[in-house]
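J.: What follows is each chain in one-letter form.
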Amino acid sequence: MSIMKIENLQAKIGDKQILKGLNLELEPGKVHAIMGPNGAGKSTLSKALVGHYDIEMLGGDITYKGKNINEMEAEERALEGIFLSFQHPVEIPGVNNAYFLRTALNAKRKHEGKEELNAAEFLRLMKSHLEMLGMKSDMISRSLNEGFSGGEKKRNEILQMLILEPEVIILDEIDSGLDIDALRAVSEGINKMKDGKRSFLVITHYSRILDYIEPDYIHVLKDGKVIKTAGPELVPYLEEHGYDGIEEE
Amino acid sequence: MNLSTLKNQNLQEVNGLLDIKDRDILAERFVSLGLPSKKSEEYRYFDVEKLLEKEYKTLTYVPKTLSVSEKIEIVDGIVVAGPQGMRIYNEACQKIDMDHFDPLYYLGHLLSPQTIKIELDGDVEVEIEHKFTQSQSLINYRIVLYTQANRHATVYENFVEENIENTLVLYGYDMHVSQDSSLRMVKMQTMQNSGYSMVASHKINVAKNAHALFKSFDLGGDNALQLLKVELDERAHVDAGHLLYLNSKAKRGTVSQIVHKGEHSTSKQVAKNILDGDARGIFDALIRVEHSAKYTKAEQNSKAILLHEDAYMVAKPQLEIYIDELEASHGSTTGQLNEKQLFYLQSRGISYVEARKILVIAFANTLIETVKDSRHQERIKKAFEEVFYAGHQ
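Which chain is which? The protein sequence lines are X and R, in order.
For the first sequence, the working numbering begins at 1 and goes up steadily by one.
For the second sequence, the working numbering begins at 1 and goes up steadily by one.
Derived by calculation from the structure, the hints in this document are not laboratory data.
A couple of the hints might just be wrong.
Stated by the list, open to error - Output of the computed footprint for chain R on chain X, the stretches with three or more beta carbons under 8 Å from beta carbons of chain R:
#1 69 to 75
#2 90 to 97
#3 105 to 113
For every residue, glycine included, the Cβ atom is placed at its ideal position computed from N, Cα and C.
Using the sequences plus the hints, can you model the full thing?
T.: Pasting the structure below:
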C-alpha cells in the first residue's frame with residue numbers, strides 16, 4: 001500500500017496550468033526520483049504536495065496515509081509528516097536558527113501528544129546532527145539562512161529534516177549549487193533517514209545526486225504528467241538520450 | 001494653562017502670557033515659527049492641536065537636594081536623585097540652537113529657564129528614569145547633557161507613570177557630544193492607556209570626530225512624538241535607529257533633521273515600524289548636507305509592516321543636498337509580512353498565527369540587537385514581546 005497517492009492532479013500557478021493529470025504513488029521505504037526537462041512541472045508538484053499558496057488545484061486528489069489532504073493547510077501537512085526541502089530556502093533575518101527549529105520540533109511533538117523539549121535537550125539533539133553534516137556550531141545561533149552559502153542552506157534543510165523526522169520527504173533540487181563535499185554530506189544525511197518506512201521524492205535535473213542516493217524508481221515528468229516509470233536502469237538511458245526520446249506509456 | 005492661547009500672538013503677548021522677561025530672542029523664534037497646528041509640516045500627522053487645546057495645571061518647579069541613587073530620577077520634571085559623584089545641577093541653558101525647526105523646542109526653553117544639566121564625565125553608563133505623577137498637568141522640562149572629550153558615555157532612558165490622566169509632557173535634551181567622545185542614548189518607552197501624551201524635542205550637537213548613537217524603542221498605544229535635530233561637525237557620526245510598535249489608535253513617531261556641516265561626516269538612520277489596529281506611525285526625516293560637508297556619507301531607510309488594514313504609516317525620508325562630493329541613499333517600504341517567509345515557517349509545522357508572531361518579533365529584533373549591552377537588549381526584547389503578545393493571544 002502506498003503512503004502517498006496522487007491521482008489525476010491538475011494545478012495551475014497564476015493563469016498557467018502546469019500539472020495536467022499527474023498520477024504517482026509513493027511506496028513506504030522507497031526512493032522515488034522525479035526527472036524531467038525544464039518546465040515539466042517538477043517544482044510545481046513539490047509545491048502542490050505541501051500546500052503552497054502559489055498553487056491553485058483544478059482537480060484530482062492527494063491522499064496521504066489514507067486521508068485526502070487536498071484542503072489541508074501547509075502547517076497541518078508538515079505536522080502530519082510531509083517535508084519539503086526547498087530549492088531556494090528563504091532567509092529570515094532576526095529569527096534564530098535554533099529557536100526556529102525548536103519551535104517547529106515542539107509544535108510537532110505537541111501534535112503527536114509528546115512532551116516538548118527544553119532548550120538544553122534540544123541543543124544536545126541539534127549538536128549531534130551538526131557534526132555529521134559538517135556544519136559549524138555557530139550556525140545554530142545565526143539568523144535562519146541569513147548570509148548562508150548555497151551549501152549551508154541545503155545542509156540546514158537536511159538538519160531540519162533530521163530533527164523533524166518526517167515520513168514523506170520531498171527534496172527539490174537538493175543537489176543544485178552544491179560542491180562535491182557538500183553533496184556527500186547532504187546525501188549522507190538523507191541516507192541516514194532511510195529506515196524502510198519513510199518515502200523520498202527526489203526531484204532533480206541531473207543524475208549526479210542519484211549516485212549518492214540510490215533510487216528505487218525513476219519517474220519521468222513531462223508537460224505536467226508522469227509519462228514513464230522505471231527502475232534505476234533508466235538513468236543512464238536518460239543521460240545518453242535525454243527526454244525527447246521518451247514516449248508516454 | 002491653555003497653550004492654544006499662544007496661537008497667532010505677537011512677541012509682547014507671548015511674553016505676557018508666559019510671564020517671561022529678557023528672553024526675547026527665544027520668544028521671537030517661537031513667534032516666528034508659530035504654535036504647531038495641523039498645518040505645520042512637522043506636526044501634520046500628529047493631531048497636536050488636540051493636546052494644546054486642553055486646560056492644564058502648571059507645576060511649580062522647586063529644585064530639590066539630590067538623594068543618592070544608581071540612576072538619575074526625574075519626577076515631574078524635577079531631578080530628585082542621581083549617582084554619587086555625578087555632576088547634576090539646575091542651570092540656565094547656555095547653548096540653545098537658534099535654528100531648530102520645532103517651535104515646541106523654543107516653547108520648552110521659554111517655560112524652563114532652568115534646565116537639568118548632567119555632566120557625563122569619564123567613561124560612564126547611567127540610567128535616566130522619568131516619572132510622572134501629576135494628572136491634568138503640563139510637565140515641562142529640559143535636560144542638557146555633556147560628554148567629556150575622549151570619553152564614552154551611555155545613557156539608558158526609561159519612563160514610568162503613576163495613576164495619572166490627561167497630562168501633557170513637553171521635554172527634551174540638548175546634547176553636546178564633545179570632540180573625540182561618544183554618547184550612546186537608548187530610549188525605551190512603553191505607553192499603553194497612559195495618562196499622558198508627550199512631545200519630546202531634542203537637539204544633538206556632535207563635535208569633530210565624535211560619535212552619537214540614538215536608539216528609540218517606542219511601544220504600545222497613545223500619542224507621542226519625538227522631534228530630533230542633529231548637527232554633525234567634521235568626521236562626526238550619528239547612528240539613529242527607531243523602532244515603533246503601535247496598536248489601537250496610537251499616533252507616534254519621529255520627525256528628524258540630520259544636518260551634515262563638517263567634511264567627512266557620516267550618518268545612518270534606520271526606522272522599523274510595525275503598525276497594528278488603527279495606529280498611525282510617523283517617520284518624517286530629512287538629511288541635509290550643507291556646502292561645507294564634502295565627502296559626507298548619509299544613509300536613511302524606513303521599513304514598515306502593516307498588521308491591520310486600518311493601520312497607516314507616514315514615511316517621508318528626504319535628502320537635501322548642496323554638494324556633489326558625497327555618498328547618500330534613502331528609501332522606504334511599507335507592506336505586509338513576507339509571504340515566502342510565512343510559508344517557510346508554516347511548512348515546518350508552525351501555525352500561521354505563531355509564524356506571524358515570529359516574523360514580527362524577528363523584524364523588531366534586527367533593531368533591538370543593535371543595542372550591544374545584552375542585559376538591556378533582553379529588557380527591550382521582553383518589553384516588546386509583552387506589548388505585542390498582549391494584543392495577539
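J.: Could you run down the list of hints and mark each one as holding or not?
T.: Going through the hints against the structure:
Restraint check on the region 69 to 75 of chain X versus chain R: 3 residues with Cβ-Cβ distances below 8 Å, three needed, restraint holds. Under a criterion of three residues with beta carbons nearer than 8 Å to beta carbons of chain R, the stated coverage of the region 90 to 97 of chain X is upheld, 5 such residues being counted. A stretch counts as covered by a chain when three or more of its residues have a beta carbon under 8 Å from one of that chain; for the region 105 to 113 of chain X and chain R the count is 3, and the coverage holds.
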